[in-house]
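Engineer: With the hints as extra help, turn the sequences into a complete structure.
Number of protein chains: 2
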Amino acid sequence: MNVAYLGPEATFTHLAVTSCFRNEITAKPYITIPECMDAAMNREVDLAVVPLENAIEGSVNLTIDYLIHEQPLQIVGEIVSPIRQHLLVHPSRKDTWQNIEKIESHPHAIAQCHRFLRQYFKTTPFDYTTSTGAAAKFVSEHPECNMGVIANEMAAKIYQLEIVKEDIHDYDNNYTRFAILQRPNQDAALPVKNQSSVDKTTLMVTLPNDRTGALHQVLSAFAWRQINLSKIESRPTKAGVWDYFFIIDIEMKLDDVLIPGAIAEIEALGCGVKLLGSYSSYLL
Amino acid sequence: MNVAYLGPEATFTHLAVTSCFRNEITAKPYITIPECMDAAMNREVDLAVVPLENAIEGSVNLTIDYLIHEQPLQIVGEIVSPIRQHLLVHPSRKDTWQNIEKIESHPHAIAQCHRFLRQYFKTTPFDYTTSTGAAAKFVSEHPECNMGVIANEMAAKIYQLEIVKEDIHDYDNNYTRFAILQRPNQDAALPVKNQSSVDKTTLMVTLPNDRTGALHQVLSAFAWRQINLSKIESRPTKAGVWDYFFIIDIEMKLDDVLIPGAIAEIEALGCGVKLLGSYSSYLL
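As they're listed, the protein sequences go chains A and B. My numbering puts the first sequence at residues 73 to 356. My numbering puts the second sequence at residues 73 to 356.
No lab work stands behind these hints: they were computed from the structure. In this text, all values refer to a predicted model and were calculated from it rather than measured experimentally. Take the hints with a grain of salt, since some may be wrong.
Identical copies go unnamed one by one, so any copy, or any two together, can satisfy a pair.
[Unchecked claim] Straight-line C-alpha distance at most 20 angstroms; calculated SDA-like pairs for lysine to any residue:
hint	residue 1	residue 2
1	Lys194	His214
2	Lys325	Pro106
3	Lys310	Pro154
4	Lys303	Ile335
5	Lys174	Arg94
6	Lys310	Asp242
7	Lys174	His214
8	Lys303	Met276
9	Lys325	Arg115
Structural biologist: Listed below in structure tokens is the structure:
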């Protein structure tokens, strides 16, 4: 089974894929989130794994927007993985790391280490890259650049960089949720290792235009059934100005009675509802 | 009156400031959103103007998070400005712009032109910068780099770049909301030009831990009073894992009865409520 992931090698997505799936899979790196999702839709791979939300920085908007507007894959699973950020440099600079002139990483990784950077590198500029792995790759290939990179342990190992400062993320309890995506109506079992999981269902809801309290009515349909929502999030529809759709995560698998009943009621109120997936969430 | 804005010169924030305020103000560029907000708190300036939300890309999380976690400024106004993106190159490359080898801009600007880039520059890499103005400045100072930049008309004028493709943003109806921020309890009148505005109030609400349906109850307090919400958004608290606070925009100014009544009820339910501002929203 082929699995696309947000590459290059040693990104947090790669780490999540190798930690969650059994060795029998072949993990294939793609450079952007859209390319991962395109690969799943075009049958180049069986599954795509992309970041969905970080507990500190919030949602990865590109994943949600691309799923809603461009490639209607279904969510067939979720991986929740702890995130530890380290400061890495080329081995030749391990004793002079305090003098690095630039720091490279993904914008989320830089944001997660905001306090550390303000304390140690207040005036050092940073460069945003498309992933922590890409930043590590660049620094390993450019020993002449006096740069540091924020990335994970796997990146230090694969790109042979030196960890000079461990656990530089500002907040403990830093986790990232990764979505496991599949073409619609393709229901192969996931080759996951034996690990604990909880059930989830994700819906997208659009509200009728300009109806005061429509969101309140939507939540009522869940509340009186005592259906627990673990998350509700708004995103711009891109169609109208200041028009939003909502992504709602429910803490149970799709059943025959409660969720279908809530969906039917919400639709009867004039809202649009789309089931994005009902799946297991694996905790690493 | 001194106004800090997200610089350098010719960013969309700069354009919003010069369009909304009378000429008597002195606009001062700062390089990052936190630095703008720090300047207002440290009395270096009287007001800070920073981007808050784009109609297509969604909220500028750094602004919201810094306002909540670091610098408790009050929102004293909002500027809503149309966004037009263009492709700019150094004048020496205006006839060979199809051959540029890299595109520089702010991540939001690049995301807003995703379709254009996939059509014209499918394999061209891009570099993220802290603002569209910074990207334009870099390209104007480095004629030897074969680069394009996505930025506004003001950037083309100030940095003497050539607009080679106009209006390359994917979606019409592209607007950005900018927050006008001030130190708490400092109530100077805003030096705005004569322009249309609507009233708004913004609240931050935190929910009690693990209470099913608490958000539903919060919305009930507004719904039964027929208080119209223009937006509700969740952000991670950064304290717990998968714990969120909510930013709620109300379509009216703070009154003596309805909003205070709703706030009192929400607090009685065990939620935290903080008034972030009650202000005029100016439409450019």
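Engineer: Determine for every hint whether it applies to the structure shown.
Structural biologist: The hints, checked one at a time:
Taking the closest pair of Cα atoms, Lys194 and His214 never come within 20 angstroms of each other, the shortest separation being 24 angstroms inside a single copy and 26 angstroms across copies. Taking the shortest Cα distances, Lys325 and Pro106 never come within 20 angstroms of each other, neither inside one copy (27 angstroms) nor across copies (42 angstroms). In this assembly of identical chains, Lys310 and Pro154 lie within 20 angstroms of each other by CA distance solely across copies; the values are 14 angstroms between and 32 angstroms within a copy. In this homomeric assembly, Lys303 and Ile335 come within 20 angstroms of each other (Cα to Cα) only inside a single copy, at 17 angstroms, whereas the closest approach across copies is 22 angstroms.
In the homo-oligomer, the alpha carbons of Lys174 and Arg94 never lie at most 20 angstroms apart, since the shortest distance is 38 angstroms inside one protomer and 39 angstroms across protomers. For a Cα distance limit of 20 angstroms, the shortest separation of Lys310 from Asp242 across copies, 9 angstroms, qualifies, whereas the shortest one inside one copy, 33 angstroms, does not. Both within a single protomer and between protomers do Lys174 and His214 lie at most 20 angstroms apart by alpha-carbon distance, with minima of 13 angstroms and 19 angstroms respectively. Taking the closest pair of Cα atoms, Lys303 and Met276 come within 20 angstroms of each other both inside a single copy (12 angstroms) and across two copies (17 angstroms).
Taking the closest pair of Cα atoms, Lys325 and Arg115 never come within 20 angstroms of each other, the shortest separation being 27 angstroms inside a single copy and 53 angstroms across copies.
In summary, the structure is inconsistent with hints 1, 2, 5, 9 from the numbered list given earlier, while agreeing with the others.
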